[in-house]
Amino acid sequence: MSTLQIKHLFGLRGVSQSDIRTILDTAMDFRQVLERPVKKVPSLRGVTVVNLFFENSTRTRTSFELAEKRLSADTINFTTSSSSVKKGETLLDTLRNIEAMKIDLVVVRHKGTGVPKFLADHSKAIIVNAGDGAHEHPTQALLDMLTIEQHLGSLKNKRIAIIGDIRHSRVARSNLWGLTTMGAHVTLCAPSTLAPRNREFFNSVHFEQDVRKAVHEADAVIALRLQKERTDDSLLPSMREYRNFFGITRDVLEQASPSALIMHPGPINRGVELDSEMADSDQSVILEQVTNGVAVRMAVLFLLSGGRASE
Amino acid sequence: MNKVILKNVRPFVQGSFQPLTTMNLVDGRWVGESIEGAIEIEGNGALALPALFALGLDFQEPLRDDIYTFQNGYTAMRRGGFYGGLYESSVNPIDDVQKLSAIQQIFSKSGFQLSILGSFSKSYKCEQLAEMLELASCGVSGFGDGNHLNATTRFLRLAMEYGAMSSKRFFFLPLDLSLRSAGCVHEGDVADVLGMKGIPRIAETIVVHTILETALFLKVPIHLKQITCAESLNLIEQARARGLDVTCDVGLYHLLFDEQVLFDLDSHFNLIPPLRSPQDKQALWDGLKRGVVDAISCNHTPVLRQEKEVNFEDAVAGAISLEVALPAIWSTLVDHVGERRALDLLSFNPAKIACAGLQKMEKRSNIDLVLLDPREPSVVSPKILSGAVQNTPLLNNQIPSAIKGSYIQGLWTQV
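Protein sequences, first through last, are from chains S and G. 1017 is the number that this note's numbering gives to position 220 of the first sequence; each next residue is one higher, with no gaps. 149 is the number that this note's numbering gives to position 131 of the second sequence; each next residue is one higher, with no gaps.
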């Protein structure tokens, strides 16, 4: 029986192994709930959750919303396209107005690094980060970890390769913090213009520029989505060259463990970071990641709201 | 003719010129045994030098094949004693593998060792990166800007950062285009007297500094082309002391001439970068002596006659040099730096910078050589120049030495 040491979920950097363990174990329990005919529990009855999305999102927002409904929470969606933010309201005023409606929990996505922390500093609500800039996307990393554990057992000593636009990826950052905390060996691979420039902080992970070496004997390969804007911004010459040197193809994957999992946070650029053949193969667990996303978000919301793991 | 006997020549073997000897050459090899049915060349004590390697080759193909063809370029190389060169077109950026493949196919039939610089941006526009990893994997020797660097510092950084994955060298002609503006001569006394717009030294040194700092930051090997002043050489020395892999060259004509020749307003002296002051020229020679300068570049740039035979300021910049480089500079160069270092500057180092094979003169091995009489002055007549161009400042001038011929890829070319 345990609750979390953290009060909010800003990211996975600095989150203890025991907290991550608790979230993953609880998520595994909720995963069972999602297999039932009636996929709903009353755990958050009477709790009001605001989904405060300042960036476009379909998958993450839908996943959070579904998780909240499965937990019987009251849910409000607040997006910039339909909000007073468009009329010039400041972030703090937006928060104060929403808080005045007596909400309990805020799920926030914003283009700015640190916005979840800022909200927590100015609010009594519990804050869950659904993605802040290129900083962190902790629930995505947690669902990735849950998926790997489901297939491979413990994360300890597993070799995980993360390939793609590391520099701009909040998914990669959350994953490398979470995975290394749980004892996995992480290798990052990116074109030099998309890799972190200063690596002192990343001393627990290995950097590799050759994608074949990066996936060598990997137990799981996480391909990151490549944004088209990277070529417009002179960071890459072309999608074609990216695919030829960093794309996950059958040829590349032959270097990995024969049963290596293929993962992707979605949506996939087929034929760029991941070939269709690989995305649709038996090794692909991409759709399981989506299912696990709901279970992980249920666990996070439940535990941060004061739920105990054994309940 | 693939059998040649060179009589009374002094081959450069193991670092020095040997006493008079006979060299028997068959199918590109220096053989020990005597041969029959060969043409015989009386050397009269001429030097048999390892053939040279040219930095800065541009045959203006394919857009200007009305004035110069690849074949013209090959002929010039044979006449000048060059076995290879680093090709970088100013009009035809090699920015994708299709273009690279096409030019490789052309060069493969030439018999010369021609290395190719890929472009690091699409169309030299410095807006979008070229596919440098593909180009590197298909054989470019490095990346360059076609002598018109107009990149923002951010783009320069990204290009070098991305290209660094290939471990290839980046080549730059350091010249700030905004400071150059409409300038066509060195910004100094002569420009003031003649009332012409000048190009200040800082147009070079500012860019040198930016490139060196960026390369140091990213640990990217670079080559700086056609350095013209002491200040740039000092910056390069300092960067080397800080651990940067940086090489540089000086242009042939920048060693032979300075801005004083501009008083005649001969448009053949319209060069970019411009000929600078006598003190700058002296600084380049000092740089050669103390080892800061790695190579002497040819920057062979054919320009149509009607584009040169105009007033100085309206002339197209550039000069051809392959046929005249060696006889024009050899004697003075040897006086300054000695024979071994002279060959380093004209052959060995340029080849290393371009990642090409080096010449080695040994019996029973393949050799390419150029036969030079260092004591026989010659005149640069139009008939020794290849193609429909004559744009060398040395045209109709006497130069201190004479090339008697070359033996490259097993072919003797009498000059």
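No lab work stands behind these hints, which were simulated from the structure alone. Fair warning: there could be bad hints in the mix.
[Said to hold, decoys possible] Straight line, CA to CA, 25 Å or less: simulated SDA-like cross-link-like pairs of lysine to any residue: (1) G:K237 <-> S:G930; (2) G:K140 <-> S:F1004; (3) S:K1025 <-> G:T171; (4) G:K237 <-> S:V1069; (5) S:K1010 <-> G:T171; (6) G:K117 <-> S:R1037; (7) S:K1010 <-> G:G157; (8) G:K237 <-> S:D1007; (9) G:K237 <-> G:R175; (10) G:K21 <-> G:Q36; (11) G:K237 <-> S:F1004; (12) S:K1025 <-> G:S141; (13) S:K914 <-> S:N995; (14) G:K117 <-> S:A1076; (15) G:K25 <-> G:A56; (16) G:K237 <-> S:N995; (17) S:K1025 <-> G:A182; (18) S:K1025 <-> G:K140; (19) G:K143 <-> S:S989; (20) G:K140 <-> S:A992; (21) G:K117 <-> G:S141; (22) G:K140 <-> S:R1040.
[To be verified] Estimated spans, in silico, between C-beta atoms of each pair: (23) S:Q802 <-> G:A259: 45 to 55 Å; (24) G:T170 <-> S:K908: 23 to 33 Å; (25) G:L38 <-> S:S1035: 54 to 64 Å; (26) G:T170 <-> S:D1007: 28 to 38 Å; (27) S:Q802 <-> G:T171: 23 to 33 Å; (28) G:R260 <-> S:K804: 47 to 57 Å; (29) G:T170 <-> S:P839: 53 to 63 Å; (30) S:Q1006 <-> G:A259: 23 to 33 Å.
Just so you know, even glycine gets a beta-carbon here, dropped at the ideal spot from N, CA and C.
Is the hinted pair K117 (chain G) and A1076 (chain S) satisfied, with a Cα-Cα distance of at most 25 Å?
-> The hint is violated at about 33 Å.
Hint consistency between K140 (chain G) and R1040 (chain S) [alpha-carbon to alpha-carbon, up to 25 Å] = Holds, at roughly 19 Å.
Evaluate the given range 28 to 38 Å for the C-beta pair formed by T170 (chain G) and D1007 (chain S).
-> Holds: the Cβ-Cβ distance is about 30 Å, inside 28 to 38 Å.
With a cut-off of 25 Å on the C-alpha distance, tell me whether K237 (chain G) and G930 (chain S) pass.
-> 29 Å, violated
Measure nothing beyond the straight line between the CA atoms of K1025 (chain S) and T171 (chain G); if it is 25 Å or shorter, mark the hint as holding.
-> Roughly 23 Å separates the two Cα atoms, so the pair holds.
Satisfaction of the hinted span 23 to 33 Å by the C-beta atoms belonging to Q802 (chain S) and T171 (chain G) | 46 Å, violated
Taken at face value, is the distance from the CA of D1007 (chain S) to the CA of K237 (chain G) at most 25 Å?
-> 18 Å, holds
For the pair supplied as a hint, K1010 (chain S) and T171 (chain G), is the alpha-carbon distance within the 25 Å limit?
-> With a Cα-Cα distance of about 32 Å, the restraint between K1010 (chain S) and T171 (chain G) is violated, given a limit of 25 Å.
Would you mind confirming whether the straight-line C-alpha gap from K237 (chain G) to R175 (chain G) stays at or under 25 Å?
-> 11 Å, holds
When you check the alpha-carbon spacing of K117 (chain G) and R1037 (chain S), does it fall within 25 Å?
-> 16 Å, holds
Taking only the CA atoms, is the gap from K237 (chain G) to F1004 (chain S) under or equal to 25 Å?
-> 17 Å, holds
Distance restraint between K21 (chain G) and Q36 (chain G), which requires alpha-carbon spacing of 25 Å or less | Distance of about 22 Å is within 25 Å: holds.
Violated hints, listed in ascending order, are 1, 2, 4, 5, 14, 27; each of the other numbered hints is respected by the structure.
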